[in-house]
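**Q** Residue-level listing of the chains:
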Amino acid sequence: MFKSPQWQRRKEGFRRGWYKFSRNPVSVVGLFFVLLVSFLAAFAPYVAPYPEHAGRFVNFREASQPPSLRHLCGTDVFGRDILSRIFFGFRYSLMMGVVVLSLVVPPGVILGLIAGYYRGTWIETLIMRVTDIFLAVPPLILALAVCSVLTPSVFNAMMAISLMWWPWYTRLVYGLASSLKHEFFVQAAEVTGASKFHILFREILPNCVSSIFTKMSLDMGWVILIGSALSFVGLGAQPPTPDLGTMVADGAKYLPDQWWIAVFPALAIMITVLGFNLLGDGFRDLFALEEI
Amino acid sequence: MEPILEIKQLKKYFVTSRGTVRAVDVISFDLLPGETLGLVGESGSGKSTTAYTVIGIYAPTSGKILFRGRDISVPVAKRPKSLKRAIQIVFQDPGTSLNPRRTIGQILELPLKVHRIGTREERRRRVAELLRMVELPEDYIYKAPHMLGGGERQMVAIARALATEPELVILDEPTSALDVSIQAKIINMLIQFQKEMNLAYLFITHDLSLMRNVAHRVAIMYLGKICELAPAVEFFERPYHPYTKMLLSSIPVVSEEEEKVKPEKIVSKGEIPSPVNPPPGCRFHTRCMERNGICSEAVPEVVEVGEGHLVWCHLYGKKEER
Chain Z
192 MFKSPQWQRR KEGFRRGWYK FSRNPVSVVG LFFVLLVSFL AAFAPYVAPY PEHAGRFVNF
252 REASQPPSLR HLCGTDVFGR DILSRIFFGF RYSLMMGVVV LSLVVPPGVI LGLIAGYYRG
312 TWIETLIMRV TDIFLAVPPL ILALAVCSVL TPSVFNAMMA ISLMWWPWYT RLVYGLASSL
372 KHEFFVQAAE VTGASKFHIL FREILPNCVS SIFTKMSLDM GWVILIGSAL SFVGLGAQPP
432 TPDLGTMVAD GAKYLPDQWW IAVFPALAIM ITVLGFNLLG DGFRDLFALE EI
Chain B
3 MEPILEIKQL KKYFVTSRGT VRAVDVISFD LLPGETLGLV GESGSGKSTT AYTVIGIYAP
63 TSGKILFRGR DISVPVAKRP KSLKRAIQIV FQDPGTSLNP RRTIGQILEL PLKVHRIGTR
123 EERRRRVAEL LRMVELPEDY IYKAPHMLGG GERQMVAIAR ALATEPELVI LDEPTSALDV
183 SIQAKIINML IQFQKEMNLA YLFITHDLSL MRNVAHRVAI MYLGKICELA PAVEFFERPY
243 HPYTKMLLSS IPVVSEEEEK VKPEKIVSKG EIPSPVNPPP GCRFHTRCME RNGICSEAVP
303 EVVEVGEGHL VWCHLYGKKE ER
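Chains Z and B, in that order, give the protein sequences.
When we follow our numbering, the leftmost residue of the first sequence carries the number 192, and every step to the right adds one.
When we follow our numbering, the leftmost residue of the second sequence carries the number 3, and every step to the right adds one.
Each hint can be trusted.
List time: in silico SDA-like cross-link candidates among lysine to any residue, alpha-carbon distance up to 20 angstroms:
id, chain 1, residue 1, chain 2, residue 2
1, B, Lys145, Z, Gly208
2, B, Lys145, Z, Arg206
3, B, Lys13, B, Asp73
4, B, Lys115, Z, His389
5, Z, Lys387, B, Arg81
6, B, Lys145, Z, Asn398
7, Z, Lys211, B, Pro102
8, B, Lys80, Z, Tyr308
9, Z, Lys387, B, Leu114
10, Z, Lys387, B, Ser84
11, B, Lys145, Z, Gly204
12, Z, Lys387, B, Val116
13, Z, Lys211, B, His148
14, B, Lys145, Z, Glu203
15, B, Lys115, Z, Pro397
16, B, Lys145, Z, Arg207
17, Z, Lys372, B, Asp95
18, Z, Lys372, B, Val116
19, Z, Lys387, B, Ala79
These are computed hints drawn from the structure, not numbers from a lab.
Bear in mind the structure is a predicted one, so any value in this text is a computation, not a measurement.
Just chain B, same shape as in the assembly (with noise of 0.2 angstroms):
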């Protein structure tokens, strides 16, 4: 199948008074049609930065972004309109991403008077549908955002951000705002939209136990670059990276049978180190239990462990000595 998305090569720096930010260093991956990739990582590892390098927010200091095979690394004013139509995103915190002075009718119509979709009495009819979609009330279309739940205004951000049909959406970390029962509720919605309109999810997370459930392929992100990249069953079951298998034992399980398939114990150390001023060689080195002398001086290679399955780790160098 063809990719939709491919990041190839994706480095985003920003220039600060105190230094360059090396938010995103040269990163690359891709992600099929109907496919959720769950690039998850701490704060400051640089997930959100290529979430909106991909959405246009940011333009690429360099590398490639293609959608279905079309080179779109520039901002999003200057890309076509049909490009805008099939990529959409979904904030973090629905409290911000609405206009607190528009109404939710208003809101969900913008996008459709913006690419022209229909009549007005034929987007009046489309908002309702989204918002029945939704499983909101019809009459909310009068409604301020702040006059909503926050659960509820996501399930408004999602609305909006499928009003147009899109075929990739980038959801940044869509729930971590909201109260827990709501979460299962947003995520069943989405893992239901994904099936019905075969929807591609590029999903920013940093809460890696959510992504068992809802992706088809994880990435880890740490300072900027992946540490492991894997299909979601291989990721969780057999982790290569130190810092995957760090993150994957700091999941708390609540059961004996969860803590027996866990990783052993590893205690996790350190802070995450500054992006302005990243170690040299393996990012990761720093805070990593089984470094040794190259992971200082080099960076290290992607490897292909398994089917899929992508380490960027010196102590998985060649195949044999696995």
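Isolated chain Z, as found in the complex (with noise of 0.2 angstroms):
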């Protein structure tokens, strides 16, 4: 009820915001990073100068050209342009980090809070050990034995990297809820008689969000390289997919000579991954409160 201020209140807000997340230049180049990478991705088809050249497409004519006015970074060994299958890339990195994060942060966050609101219980020692097990295996080791023994696919790789991403998470939030629990305004909540689903997503959560965000800002990086790095021993996308990892390891066959081939792609990773990890310290930023 008091949740929806005025336009101008907002404003105030948004302004408020942008003041404290842009104090940090480091940060402004990273969104910068992302959303640059985010607009490339979402109008793809529109700016890519060879659209056609994202699938199956050969033009063997054109093949193992260097970086030049028509193709700006060069064209790999069928002939496509490279700089239109990194704006596909793009496409598919951003979904795999997307869609593992948002299949791995609901369910990490939740059972975090639990265990850490119920410090001390059977509970607690039920999911932490459990997140142990998870935590034992690296999520690129998982994903490639998945993906060796069923097919390799993206879909399976994203699964394989979700199963095993969610307990850092869970860890994240229970360090910080289990220590939550204990102020003063969890009691207040307490004793005057709200529920634990208040206690839990209302007075504890929001106190948690800014360490989540930084955290998923992070791990979109991670999910990006490890799913490239998966891609590259040829177990992710597959050809024709463009996919960043798969195009690295492509011209990565042909280096040093036709060096293109696999540097842009790979450049074009490094400033993702980079930009989604300048953007985690600026989230940092954005929800720290000032004293007045």
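Hints are included, so try docking the two chains, each in its own frame, into the full complex.
**A** Quick look at the structure:
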């Protein structure tokens, strides 16, 4: 009821938030990279110079051309424009990150809240020991195993990474929640008779949001990196999907002579991962409370 | 008058790796409707533990807490909702008792929502009314706690405690984290609310001089036990327990007249011993100027030295000897 203040108030809050965020130029750079990559991914068919080169397209006459005005990042061995394929590659990378995080964050956070709140009871023991088991397996290794046993595909890779990723959120939120539950504002809500739902999601969770967002931004980079690593070894996206990892792997065969085939997709991965990492720092500043 | 709150043989121990902390070790007192009982003691005397046990943050190790004759010696989760409405608490530090991620409006509305008081519109009016009561501007509903000053935050915490129209409010050092100038304002407000709403206060503090003007009765706690419990006037004019005398003589005074009514100067010595391993017999005997043989052997029994004036001290074993 007091949540939706007037437009004026919201504008004021936005201005204040931007000020806090932009005080650190590094996070602005991160935001710029992320927005750039997201824009290119979203409008790839319109901004790519040769959108048809994203899929099954072969033109051996233009194969392995070095960067030129016609092909800014050169062409690969099939004569496909690398820049166009990078733009479409962003789509797969971002999708991978978004899908994995949206699968992973809600259950991870909820379990962490419950385990933290019920610290010292069997509920905590159960949740945290199961979490430990999952933490023991590195996501990349499991993804490798799953994709080599099942068919290698982006879908299987995403499922395998998701299966291994939620415990990090559980651990993060568990740590926060188990100390927040002793805060007097939680005690005050408890004493007045607020429901467990209210205490977990309205009192404790809002105080974890900044850490969760920061971690999500960092993880976005990690997931993209792992996805690319999977594709690189041939267990993620399959050709002719324009995946950045696959493109690096293909290009690696022609190093160092036709360096542009591997280097530009690799730079694209770097910019994406770096962007999300820098943005993560910005989130921390954004959610900081300033004392007046 | 029927007491609103009765504490009977209350005990609260904490088991830690370094031994059992006897935070509250068998205390009994009661509180009448509309009355203020000041529970005074040093750090580690168990006064806050008593408060948290009454409100239900801790479950008592043994003993009984009766609210209007009804046994409530269980943690807050097991108490009926009507009780949570009737007993409220104001914590010491308003910086941590208000959620930094919620607005003042949301904070004040919570108790109303929990107890299903009024419709949305009625609740909105009630929140505005609560803010007016504690003399804060109405548009504070949109503000976050960190935008307010310490005194204003404590006003909000008090308004929250009063939102459900409770009968008993536990005040856990409500002014000790605040500026002296704001202290007086908050104390006056608390006294005014008490008169208007016939509230009973269990006032936890280490500030003995404050109690002279606020409390109807004062109880002194030392190492988990009550030393002396008396009506406020009696307490300050005729203290019996050596510990009380020591505390009263340590209150700084500014004028000659005040100096005269003060008991003779007793230099306090020693520190409060650890509640993990309290001294045998009378807890205070290690620091007491008037101790004798029995003090380190037997726990003193309660002696009624005057109308409602209780002392736990071996010096006053028999009334005739006074």
